[in-house]
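J.: This is what each chain is made of:
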Amino acid sequence: MGRYVIRRLLQMIPVFFGATLLIFLMVNVMGDPIQGLCGQRQCDPATAARLRQEFGLDKPVWQQYLTYMGHVFTGDFGTAFNGQPVIELMADAFPVTLRLTLVAIFFEIVIGITLGVLTGLRRGRPVDTGVLLLTLVVISVPTFVTGLLLQFLLGVEWGIVKPAVSPAATLDELIVPGLVLASVSLAYVTRLTRTSIAENARADYVRTARAKGLPRRRVVTRHLLRNSLIPVVTFIGADIGALMGGAIVTERIFNIHGVGYQLYQGIVRQNTQTVVGFVTVLVLIFLLANLLVDLLYAVLDPRIRYA
Amino acid sequence: MAALLLTATACGGGGGTAQGVVSASWGDPANPLEPANTNEVQGGKVMDMIFRGLKRYDPRTGRAQDMLAERIETTDSTTFAVTVRDGWTFSNGEKVTARSFVDAWNYGADLRNNQRNAYFFGYIEGYDKVHPDSGEPTATTLSGLTVTGERTFTVRLSQKFSTWPDTLGYAAFAPLPRAFFDDHAAWLKKPIGNGPYTVDSYARGSAMSLRTRDDYPGPDRARNSGVDLIVYTDNNTAYTALLSGNLDLVDDVPAAQLRNVHKDLPGRYINTPAGIIQTLAFPYYDPAWNTPDGAKLRTGLSRAIDRAQITQTIFRDTRTPAKDWTSPVLGTDGGFSPTLCGDACVHDPAEARRLVAEGGGIPGGRMTITYNADTGSHKEWVDAVCNSINNALGQDSACVGNPVGTFADFRNQITQSKMSGPFRAGWQMDYPLIQNFLQPLYYTNASSNDGKWSNKDFDRLVDQANAESDPQAAVRTFQQAEGVLRDQMGAIPLWYQNGSAGYSPRVSHVALNPFSVPVYNEITVS
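Taken in sequence, the protein lines are chains A and B. The C-terminal residue of the first sequence carries number 317 in our numbering, and the numbering is unbroken. The C-terminal residue of the second sequence carries number 553 in our numbering, and the numbering is unbroken.
Don't read these hints as lab results, they were simulated from the structure. Just so it is clear, the structure is predicted and the values come from calculations on it, not from any experiment. Be careful, since some hints might not be right.
Each computed DSBU-like pair below joins lysine-lysine, with the alpha-carbon atoms no more than 30 Å apart [claimed, not checked]:
# : chain 1 : residue 1 : chain 2 : residue 2
1 : B       : K323      : B       : K217
2 : B       : K122      : B       : K217
3 : A       : K69       : B       : K445
4 : B       : K483      : B       : K406
5 : A       : K69       : B       : K156
6 : B       : K445      : B       : K479
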């Protein structure tokens, strides 16, 4: 097990360098960002040259990359165009998005798995058909439609919540955005759990457990659910990274100043430092989440062991 | 500690807006917030609240009026003697003196400080020493600036510029306190100015709380107790927050909502002209577009565009068809003329077809209009303009749009002279002078002459106008120069842009100034 973890951590190194290099190149292809800084007017050449020097844009790309990576290991992610260190932007943005992601994951787990178990045990019944239909609708409607609709109904028409999240972004403010962000994944979790439960419900070990006279509750939670959750855990684990990076739409709709917002600003302003910094951290989170998922397998199913 | 306690109690109201405080939408400023570094609207809002300069543009008429200036005198349109009014202080108690201005201007002009608005000091003598086009600066102060007393200083310009004092209302010319130079980083975290508001707290990228200064000496005291600027990631969200009563003021009504705005905000929607004009510029560095008969071709294209229909259907009347190359906010005294462009800006497909043919036709039979696709609704109107041209010429694909991904890339291609056809050009005035609409854009090799248009007669008339000591004569000469621009159709004027804003029933006396920035200090809260 220990060796497996070490091997996985070592594998992260090339992925880390490869991903950052790719992002670095991609942002650089878009051209010289300095021209955008002076608005509609042309930057005067002297100032443009000074700014380029300040942000290290006057050197060849490979050199910029090396300098950048050198700095990253000392925790220096460079400076955004508004003069703020990127590390400060991260300190502001990541906690907010993390909270939003946690709210979303919470909904996925609680609602998704509950509905999945419910429908898996009642295949073909009206509940099952109803939930299946509902998940189909949720999956097929784009997030921004759900988001804008909920924002309009709950925020403007009924006045239950504030349509825009305040800069503090407290947990209670994040409930609706979290639900919107979770919606599509939630539907997948439901369907995944349902299929898995339905399949395992006919398995020998479940029949044996029943035959032993175990209470139904215990059969479902200890035996059936534990085995059925393996694919679901994989999905949710991979979803953590996807949710953090993919929150751009939701964050924009609800005015959440998180990772998605900073990334969007970074891309529009072609701010290499911001984009690469944020993506680097996202890559790390994604890799760690995947590692966590793999380790959870062993906990869920003792037969799975890593050499 | 006292300040901390005060802040704590002020915000302790349970999350709602404090008594008498206006909450307004804001965008994340792209550059650090300092006077000579702020060149876009969002940062400009803050500058307008926390700073007052020698002059101030009247929020209604746009006319430059004395603010901190007691007198600005000149005999030769080159040397100006400035007297600063007594009794003004920065919000930290420091007196505003002649030195506050001279130090600030020297700082803004110095190449070493990377100030994006440095060119504003370009008319002052010695600018080429502190801000050379290449190489290191050889001086740290502008030789044209001399402090002559506690409240007096003189400015020597490197050329005649009679209306120069009227440019001093721009934020770049604001005075700076010593605190700015002593601890620059701390100042940027919490700017200190001499205006009617002070910065109470500033969370970069998300919100800024401004509070009214009790000891503000100026005549334009704030009529509310403060303004909370809140960054919105999307103007649609800000609009939704306004509708639900969680926000008082939105100064950028999203295009998609214009259809409902009168129903949503009965009597609380403002749509007034601002000093912004959109034009189509041409790449004169491309021989195909710089032919002897080119003026006819360009005039023909101008007559092919149905401005009235486009401003009505696409912009829902938040744009006004252009009738000259300036803006209505100048007023007819200031140089705006509703008749200057005349027939050349009137839609007439038959005439357009004739002129284009006489002008040698579109180079290569096909042209593109380049624009940036990341902001605004540029795609919609570019397609409509092309449609107009195609209809007039009776050719399906004579004109097509050419989107560029980001604004930075678009600017890049322009500065590298890579345009192969007409491209979108917008101009937001720095100060309400006809000079600002003509010289930076069309004078040979001027800073924003993106199409590299060049005309000797035009240049001569601009020089002549700048040397004119009578402001009215100067305006008339500038209009003659504009006539040259029209005859050559150096750039096709499209429309003037309006500022639009919506507000909640909680506030009143909301207005936009000619820069389409809300006049925050006049807003009252009920």
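J.: Take a quick look at whether K323 of chain B and K217 of chain B sit within 30 Å of each other, Cα to Cα.
T.: violated, 55 Å
J.: Is the straight-line distance between the alpha-carbon of K69 of chain A and that of K445 of chain B 30 Å or less?
T.: Holds, because 23 Å separates the two Cα atoms, which is no more than 30 Å.
J.: With a cut-off of 30 Å on the C-alpha distance, tell me whether K483 of chain B and K406 of chain B pass.
T.: Violated - the C-alpha atoms of K406 of chain B and K483 of chain B are around 35 Å apart, more than 30 Å.
J.: Does K445 of chain B pair with K479 of chain B here, judged by a C-alpha cut-off of 30 Å?
T.: Since the Cα atoms of K445 of chain B and K479 of chain B sit roughly 12 Å apart, the hinted pair holds (cutoff 30 Å).
J.: Under the criterion that the straight-line Cα-Cα distance not exceed 30 Å, is the pair K69 of chain A, K156 of chain B satisfied?
T.: holds, 27 Å
J.: CA of K122 of chain B to CA of K217 of chain B, is that 30 Å or under?
T.: The hint holds at about 19 Å.
The structure fails hints 1, 4 (numbered hints given earlier, in ascending order).
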